[in-house]
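Residue numbers (full-length UniProt numbering), protein chains in the order written: chain A, 1 to 478; chain B, 1 to 478; chain C, 1 to 478; chain D, 1 to 478.
Bear in mind the hints are in silico, worked out from the structure with no lab data behind them.
This one's a predicted model, so the numbers in the text were calculated from it and none came from an experiment.
Keep in mind that the hints are not guaranteed to be accurate.
Since the list gives no way to pick one copy over another, a pair counts as held whenever it fits inside one copy or between any two copies.
What the hints assert, rightly or not - When the alpha-carbon atoms are kept at most 27 Å apart in a straight line, the in silico DSSO-like pairs for lysine-lysine are as follows:
no. : residue 1 : residue 2
1   : Lys349    : Lys30
2   : Lys306    : Lys379
3   : Lys225    : Lys317
4   : Lys379    : Lys460
5   : Lys442    : Lys351
6   : Lys306    : Lys349
7   : Lys48     : Lys340
8   : Lys49     : Lys340
9   : Lys442    : Lys340
10  : Lys349    : Lys442
11  : Lys142    : Lys351
12  : Lys460    : Lys340
13  : Lys102    : Lys30
14  : Lys48     : Lys371
15  : Lys102    : Lys403
16  : Lys442    : Lys142
17  : Lys442    : Lys306
18  : Lys340    : Lys371
19  : Lys460    : Lys142
20  : Lys340    : Lys317
Number of protein chains: 4
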Amino acid sequence: GKIPTEFSGLRGQESAGIVTSDGESSQAFKVHKGMGLINHVFNADSLKKLYVSNLGIGHTRYSTSGISELQNCQPFVVETLHGKIAVAHNGELTNAVRLRRKLMRHGVGLSTSSDSELITQLLAFTPPLENDDTADWVARIKNLMNETPTSYSLLIMHKDIIYAVRDPYGNRPLCIGRLIPVGDMNGKGKDNSETEGWVVSSESCSFLSIGAEYYREVLPGEIVKISRYDVQTLDVVPRPEGDPSAFCIFEYVYFARPDSIFEGQMVYSVRRRCGQQLAIEAPVEADLVSTVPESATPAALGYAQKCGLPYVEVLCKNRYVGRTFIQPNMRLRQLGVAKKFGVLSDNFKGKRVVIIDDSIVRGNTISPIIKLLRESGAKEVHIRVASPPIRFPCYMGINIPTKEELIANRPEFHDLANYIGADSVVYLSVEGLVSSVQESIKARQENENNLKTQKSRVGKIGHCTACLTGEYPVELEW
Amino acid sequence: GKIPTEFSGLRGQESAGIVTSDGESSQAFKVHKGMGLINHVFNADSLKKLYVSNLGIGHTRYSTSGISELQNCQPFVVETLHGKIAVAHNGELTNAVRLRRKLMRHGVGLSTSSDSELITQLLAFTPPLENDDTADWVARIKNLMNETPTSYSLLIMHKDIIYAVRDPYGNRPLCIGRLIPVGDMNGKGKDNSETEGWVVSSESCSFLSIGAEYYREVLPGEIVKISRYDVQTLDVVPRPEGDPSAFCIFEYVYFARPDSIFEGQMVYSVRRRCGQQLAIEAPVEADLVSTVPESATPAALGYAQKCGLPYVEVLCKNRYVGRTFIQPNMRLRQLGVAKKFGVLSDNFKGKRVVIIDDSIVRGNTISPIIKLLRESGAKEVHIRVASPPIRFPCYMGINIPTKEELIANRPEFHDLANYIGADSVVYLSVEGLVSSVQESIKARQENENNLKTQKSRVGKIGHCTACLTGEYPVELEW
Amino acid sequence: GKIPTEFSGLRGQESAGIVTSDGESSQAFKVHKGMGLINHVFNADSLKKLYVSNLGIGHTRYSTSGISELQNCQPFVVETLHGKIAVAHNGELTNAVRLRRKLMRHGVGLSTSSDSELITQLLAFTPPLENDDTADWVARIKNLMNETPTSYSLLIMHKDIIYAVRDPYGNRPLCIGRLIPVGDMNGKGKDNSETEGWVVSSESCSFLSIGAEYYREVLPGEIVKISRYDVQTLDVVPRPEGDPSAFCIFEYVYFARPDSIFEGQMVYSVRRRCGQQLAIEAPVEADLVSTVPESATPAALGYAQKCGLPYVEVLCKNRYVGRTFIQPNMRLRQLGVAKKFGVLSDNFKGKRVVIIDDSIVRGNTISPIIKLLRESGAKEVHIRVASPPIRFPCYMGINIPTKEELIANRPEFHDLANYIGADSVVYLSVEGLVSSVQESIKARQENENNLKTQKSRVGKIGHCTACLTGEYPVELEW
Amino acid sequence: GKIPTEFSGLRGQESAGIVTSDGESSQAFKVHKGMGLINHVFNADSLKKLYVSNLGIGHTRYSTSGISELQNCQPFVVETLHGKIAVAHNGELTNAVRLRRKLMRHGVGLSTSSDSELITQLLAFTPPLENDDTADWVARIKNLMNETPTSYSLLIMHKDIIYAVRDPYGNRPLCIGRLIPVGDMNGKGKDNSETEGWVVSSESCSFLSIGAEYYREVLPGEIVKISRYDVQTLDVVPRPEGDPSAFCIFEYVYFARPDSIFEGQMVYSVRRRCGQQLAIEAPVEADLVSTVPESATPAALGYAQKCGLPYVEVLCKNRYVGRTFIQPNMRLRQLGVAKKFGVLSDNFKGKRVVIIDDSIVRGNTISPIIKLLRESGAKEVHIRVASPPIRFPCYMGINIPTKEELIANRPEFHDLANYIGADSVVYLSVEGLVSSVQESIKARQENENNLKTQKSRVGKIGHCTACLTGEYPVELEW
């Protein structure tokens, strides 16, 4: 008697959109999209309008390719001979330019610059391969996956089915959650509870807030069919022989929320291990370890524990900093960072301080913080960065500053401590990061091998470190 | 040395959009679109962003087919193998359903329900016919015109060219204006002034407000090429043998602004002639002639002059009527019309009044006005309507109430005077309307014939009276 | 069994406010005020909040003295020992400066620059004169009227009573309407209908839109007490011996809505008589008479009828003119007036045109209109102004441009026709205006005298023509 | 040659206002006020309008007495015989009702329910005592302080002077900062830098963000005169013999920002000492100590350090939680707290957890967090609260829930651990809190006594613990 509910979404802050289907007529999609944060795009009225059923896909856009304009908002909906489809996409196609030309050569006009429209029209354009309508869409999806190797996590909605797809390299995340009855959430025995429905998301952190529990990841190359009552693997498209998977390592370092789970491990735990590894690679004689709130806190706690130094707070966030309207004189312009933090000077006056940061990208944030700490009485300020320097562009969905803006590519990098005003500064090594990420995955795999379980369908495990090393998982096309 | 300027627009109030081109690269279109009135959609920032050149097309949408959603906003832009094109469309295709299926059968996904996207994809889809790029677009346009007879007025922008197109039946208006130097506007000799550029619009009334003067209409079936320095006829696609043109008569009666010029005559003059004709067809013994402000004033002045009765104002508009928030009791609900008008009772107390209205569509506006006049002292109230009753739907771009809502299709129509509370009510005849519209056109044509000018390219003159008579200019397809 | 309703309001567009009372506790006023038009200030929520009873006063501010800031919004509410009072004021005190000093000398701090707060604190400050609470407020109102002769129309609310007060000179208007049952409005016999309640307003035109009918004016100097069931004159404070009344003549000429009634006559009728008088004073040989829409239309119809010339429309309003965002070049700046009007050129090409305007204050509106008409083919353009030139400031509530801005005080006035580009220009004389205003009042008075009715309580009739003649009804204090 | 700048502000989030003075004319105040957060009330335009000088006072309102309406916005400005004054007030007068009646009895109408207007009118009303204008305002301020003992921190601006005043009990905070030249901020020797101006604020934390440094507190009872070039004590009004000072202890526990300094100590340090004291009073056998982010973190770190248990994060904040529009079913309503936090389950699975909270007021926040932790695997959950239970209302400026809402006054309190689902729950004792607050103050005082410095002007040190104990520092009047 339970009513299943499926609802899926990808993340970002530039635009947001939701498409729902009544699950019967393929014409009856409801669409609401807009620029800005979810809270600005949706209100009670637009949500009521969308609430026609328990089936829908959503998208919040984090701009990479494609200008930030309304027509690039996802999900993208088109009408085809076989009804409407709606597509939400996370990632960036490495061979988009070639695919666009191919479609236009067939006389299809493309109305946006987004890969989402490109994918949608490719799905529409593919000639129908079989008579059975369902099989048809899977064939179209496999056809698409043959045309482009990475990077994409996709949700494709047609009538009463959502297809969840991850590219063969598994570059972008995608995972499935199980909606559990609220009564059961209250602790009355979860195990034998009925499933209320399914949700799909880039990050598992979103499940808790809607009363779902983590079910599993979509595997690299996997096509999953989600219907009213079940979740079913339709196929796993393999990578070229020998190619390892290439999940984005930047998700662990910076992008994902700490409570998300990727590849069986919590992001927070990876970050704490990075801090521990950093303590091994770059110890320092000091009185206390602290952090720039809040993202580097797990690494700082890991570093402090490994070193045996106390973890102490040196800055507090100023919650009410907003946009600043006017800058009547030089004074306020020069006070930038001081407006964002309060200084807990009694905690570190006369002490030697180690500050753990999660990354130094341009170098212009950490520098005024160091000055602030020194002016408030810090005796020494050492910087330890819980990730390696970023040096290369990402063409697979992460918006990284230009090569010229990256501090690691500039002359100042050779004397970075001096440039940012620190007593010392050391980054985590690439090897240290990769081992912090892969340590527990490998342990688990070995474990499984010992148990002689069947060979994993995931193949050889690897991670995309292109932004750190310049080694891209597939050849780039222009 | 003058810099030419081309700018073009179609009318409506539901959404608005502008696309500009830098005139060189076909990729460099700037687009801004949004729901609502122009003043809500555009502001100084969006206009500055658009101001890249002197070339652009705009559109304000008056919804007919297509739901009123953002993705239906025009102009519609797509990228093709030969660069981007932008299309603005006024009208409604009578065979849209068939054309949509045809495109989808070729694997093109359609992302909106608007005829504008349909036309744009049809232009993109057509296989290139010749090598010369310019000729190519004209061939595509002619191809489109062969696929669909009516109704459309189009602006198509590609690189530094705007094509202005009117369907062979000339159902929707489209005219060209000439921007004249401002110095010359100040009266220092217009005749030998240089042209500063060209503008294209549905209605000529818009020219004055931007300092342009009326140049000429685009003819039915004509393809006009507008470039930096000239306006050039590329072709006039003919109608099937014997078919008269079919310009929408509703534009004269109701839709267009009184200062617009169609077919060589001012709309105001046609409306005044309708009033005169009505005085001939339906005179009445009364003391004064008046109007429901403001659209029926020309007809009322024509009626009054023809009858020899004084023209007197009986109502004044309440300028500050806005949306009403709350209706705490029946009282305010019942006062609807009284909130929109003030009553000039001293002007008509004890008198027999003739009220000229431009149309009675549903009958629920005139009825409370009549009651108001009677309560304020009118001795008799006679209604004369300066157009025939509307009875049929329009499938060519005008949003007409459903058949059931139209008063002329309802039983009350048989005793209309009684139903609306008037002493008498008479509509203008269809013949009276057509002759009021065609009288001066025919006089001019005869005149031209007498002057032995070459045969007009317009062919046989007619008007679409489908909403009054049910006779559509082309066969309707579903 | 009927529930009486009292609701009262004064006019203006700069700010708006409403105060309601539950009619029992003097503490329970509900207040909502804000800057801008009524529609911006109020919405369904704020109105629901206010809807505690059938008793309230409102105010829309038209700024004269006092900067346009939120704290100057009326009605002004203060708590006194005897409960809260709310005050709405139309007008401007001629001795405000002296009264402010007087209050401050008593230690009252004044938080705004508005006369409304001044009046409210004067009412609060007055020492209680009698024990009876009701009598008390009347004594305080009379005390206030002794302190300041003009100009003020006031609504004062306390518990379940509203006092409506007009200054002894009757400079600002104030009139009472009777709410009639809606059933009766539908024509089923008004005469014996019960009264549903009372409303008070600056202008009677507002009554129709809320289902009330005009009852009577508040007389100059009169204090009217309005309670749940009746309207009662408490006193009529006289003017100094021999002083005539001084109702603002500018209300007839320009300020009031044409369907309002002052001193027993409709404003529209006065304006038409001004046009007739102008035709007598300043006839012109021409082909047609027209107007700048819409305020001068009654005068134009009066002029046309008196002259025997046809009344013809030459301009139509462009309804969609909004704020203009950007002025990319000189062109649009120079087109100002052309954006507001469409030109009905076929109606006047080659003709001699008389344009009736209601007033020429600065001269910069009529000038481009004349140019527009000439460029569109007018052979001659004669301007006739249906009021005398404004030359002096108003200190009694009308916001008139500074002396330097008034065209009548500038050198160009001596050759005005040339300056504005007209063939001739003539203003109505002061005597002509005064006789047009007073003609029917005097006729009625004589009539009443003949009927030997008791002497009117209004005293000698006069009108304030200070802005035209510099003769102020009372001595001005600084 | 430096230009001094004075700018002062009090805190709150309900409304905001700024008044600036050009420092010369007492008429030339610029005022901008509005409802909502500072960022909504002010923009570049309003700030530019205000920027007439270097002198001004501001206020952000945190509502206690007075309904939250626009007219209650501070600063309050009135014109008096001696020019305008502007007043900003933090606190709540314990005898406001009596003072309001007193003013009204003198014939002053009060337009708001705010104490700020009351104080302003009391200052205006006081009869001038001396001829010298400056002396005059000080006499008026002392007069006010004689009328009302507490609680108020005031800024009073008149012409080019700001008076900073704290009530004799020192109930509300107020401190002075020194603007230092930006060049000097960059570290080039602060000590001999010139002063650029003075700022006054409730909390010292605001100084850093505008480039000022903490100078000193305004003492209980002190009247400080701040002019262009110096800060000068005019008087210190004493308390009744024997009464200790009564600074609000809630500021330390909850209200103030952790980086603010009161009575010579950083709030963060007091909170950490509370955590340490709590570890002494209520230790528990467990595996880790954590916190509900973020306000209880200092107490948690103090508790962990004292116990020797590791400090671990168990929850992460969900930064993008916004208003929720719609609650289509019970599910989302029941998920409330889960939407605000992410769970770092790997950090505490199978562990015994101590959660430090800063206060439990109603009990409905901590309860779902405990459930969340248990469901995510916590073996035990012990709650330790770093402050005593709140039981009594505050009449001196802090908005505390009604007695009935306070968990400590409800029957559930007797079995609180069970009610909120914890394994145990213990609050800090009142004595423990007071000693954590006073420990370092007393140490410093003794130190000063040993150094035989002159007796402090502050008198006997005490703190207001009324909300915890019901012992109010002064008798309450109604």
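Tested hints:
no., hint, verdict
1, Lys349 / Lys30, "neither (59 Å within a copy, 42 Å between copies)"
2, Lys306 / Lys379, "both (22 Å within a copy, 26 Å between copies)"
3, Lys225 / Lys317, "neither (44 Å within a copy, 33 Å between copies)"
4, Lys379 / Lys460, "neither (48 Å within a copy, 37 Å between copies)"
5, Lys442 / Lys351, "between (40 Å within a copy, 25 Å between copies)"
6, Lys306 / Lys349, "both (24 Å within a copy, 21 Å between copies)"
7, Lys48 / Lys340, "between (38 Å within a copy, 23 Å between copies)"
8, Lys49 / Lys340, "between (39 Å within a copy, 26 Å between copies)"
9, Lys442 / Lys340, "neither (41 Å within a copy, 33 Å between copies)"
10, Lys349 / Lys442, "between (44 Å within a copy, 22 Å between copies)"
11, Lys142 / Lys351, "neither (60 Å within a copy, 46 Å between copies)"
12, Lys460 / Lys340, "neither (44 Å within a copy, 38 Å between copies)"
13, Lys102 / Lys30, "between (30 Å within a copy, 25 Å between copies)"
14, Lys48 / Lys371, "neither (51 Å within a copy, 31 Å between copies)"
15, Lys102 / Lys403, "neither (31 Å within a copy, 47 Å between copies)"
16, Lys442 / Lys142, "neither (30 Å within a copy, 65 Å between copies)"
17, Lys442 / Lys306, "within (22 Å within a copy, 38 Å between copies)"
18, Lys340 / Lys371, "within (14 Å within a copy, 34 Å between copies)"
19, Lys460 / Lys142, "within (21 Å within a copy, 57 Å between copies)"
20, Lys340 / Lys317, "both (6 Å within a copy, 18 Å between copies)"
Checked against the numbered hints given earlier, the structure breaks hints 1, 3, 4, 9, 11, 12, 14, 15 and 16 and satisfies all the rest.
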